[in-house]
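Visitor: Work from the hints to combine the two standalone chains into their complex.
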Amino acid sequence: DAGVTQSPTHLIKTRGQQVTLRCSPKSGHDTVSWYQQALGQGPQFIFQYYEEEERQRGNFPDRFSGHQFPNYSSELNVNALLLGDSALYLCASESRAGELFFGEGSRLTVL
Amino acid sequence: KQEVTQIPAALSVPEGENLVLNCSFTDSAIYNLQWFRQDPGKGLTSLLLIQSSQREQTSGRLNASLDKSSGRSTLYIAASQPGDSATYLCAVGRSNYQLIWGAGTKLIIKP
Chain A
1 DAGVTQSPTH LIKTRGQQVT LRCSPKSGHD TVSWYQQALG QGPQFIFQYY
51 EEEERQRGNF PDRFSGHQFP NYSSELNVNA LLLGDSALYL CASESRAGEL
101 FFGEGSRLTV L
Chain B
112 KQEVTQIPAA LSVPEGENLV LNCSFTDSAI YNLQWFRQDP GKGLTSLLLI
162 QSSQREQTSG RLNASLDKSS GRSTLYIAAS QPGDSATYLC AVGRSNYQLI
212 WGAGTKLIIK P
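As they're listed, the protein sequences go chains A and B. Per our numbering, the first sequence starts with residue 1, numbered consecutively. Per our numbering, the second sequence starts with residue 112, numbered consecutively.
Next up, chain B with everything else stripped away, as it sits in the complex (with noise of 0.2 Å):
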């Protein structure tokens, strides 16, 4: 059974940092792996599209990777501004067309 885990579940940091998100899944068989972001009470955004067959993605200060065989995906955030905060959750793609999530973890950018 797929399980992703997100650690930590909340992190606070100053502005201009740079910041690494961590999601771990326990099933190497994925079709891919998605970040979002979620606001509170919103909906969700999608950040980064990864497939199976890649190694990362890239999309302005953000940066996803994907490493299957230890089950780990990293989203980086380079410059982080407080307009970065919210949470961030990571969902695994199965070839049965549903998504695994994780719980996410809720980023707060203090000026």
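If we strip away everything but chain A, and leave its shape as in the complex, we get (with noise of 0.2 Å):
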């Protein structure tokens, strides 16, 4: 049973591009959160997915955007990108228990 994957691992964007991350959830799972994490913190919650729509939302800006896909893979969005949005890039599926799978991560560095 495959675990989260999330696409790509690594990437590098200039400010003022607009990237793109993917994740597939674990098998069974219908809902996908996203989280941003810098060097040394905690993760931070972007937003949450389930059927398809954003249930719920940190404190991220616009500029962070998502979508789900009938499968229940996911996208986030990040346009206009800043130095400041250089992070690890964490997708995570849930199971009904309420416990949290994390994939492997996408690290944006943003130059």
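The set of hints was computed from the structure by calculation and includes no laboratory data. Do not take every clue at face value.
Label pairs and their in silico Cβ distance ranges [as the list claims (entries may be wrong)]: (1) A/83 x B/151: 18 to 24 Å; (2) A/9 x B/112: 32 to 38 Å; (3) B/123 x A/50: 37 to 43 Å; (4) B/152 x A/14: 20 to 26 Å; (5) A/70 x B/189: 40 to 46 Å.
Chain A is nowhere near these chain B residues, computed Cβ spacing over 12 Å in every case [said to hold, decoys possible]: (6) 117; (7) 124; (8) 129; (9) 130; (10) 131; (11) 133; (12) 145; (13) 182; (14) 183; (15) 192; (16) 198.
Here are the simulated lysine-lysine pairs, BS3-like style, with alpha carbons at most 30 Å apart [to be verified]: (17) B/153 x B/217; (18) A/13 x A/26; (19) B/179 x B/217; (20) B/217 x A/26; (21) B/221 x B/153; (22) B/153 x A/13; (23) B/221 x B/112; (24) B/153 x B/112; (25) B/153 x A/26.
Even glycine gets a Cβ: it sits at the ideal position worked out from N, Cα and C.
Guide: Here's what the structure looks like:
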């Protein structure tokens, strides 16, 4: 059983560009959350998708947007990249008991 | 506003010792609490999930306790091994599906 998979694993962008990160949840999981983790800090909640709708959103600007597809996979889009967007972006899928399973993350560097 | 604190930020102990990691939170109205492990540059691995109605959970050499009234959780690691070296994070679940994270405790087990 494949766990949560994310792509790409690493990417480098320049300020002002746009990026799309992808996530496939663990089999049987229909809820996907995205987190941003800066170096040396705990993850910060960006948003959560359930049944193709954004169910909850953290304190992130509208430059951060997402989508969930009918197969429960999800994308995170970030527009007008800033240097401060450099971070590890983590995707998590959730079991019915509320346990989170994380992917290995996408390391974004903005130059 | 829920705040989660993990003390100490770093801990170094000799192999074989039993140890306790601490997590405190300010609002006792939690949905659940999870402990995660993160290796450098990697995603997070769920270790233990404690529902708000539970007092503790055990998995192998790990035992996590939850005391909502005092706003504390502890992760007990028995007979520590060098492979236990990682950053350990706790996250408090709220009814609005968000997780609030501590900054983690970096654990080093010396051979």
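Visitor: Which hints from the list above does the structure break, by number from lowest to highest?
Guide: Hints 6, 12, 16, 23 are the ones this structure does not satisfy, whereas the remaining hints hold.
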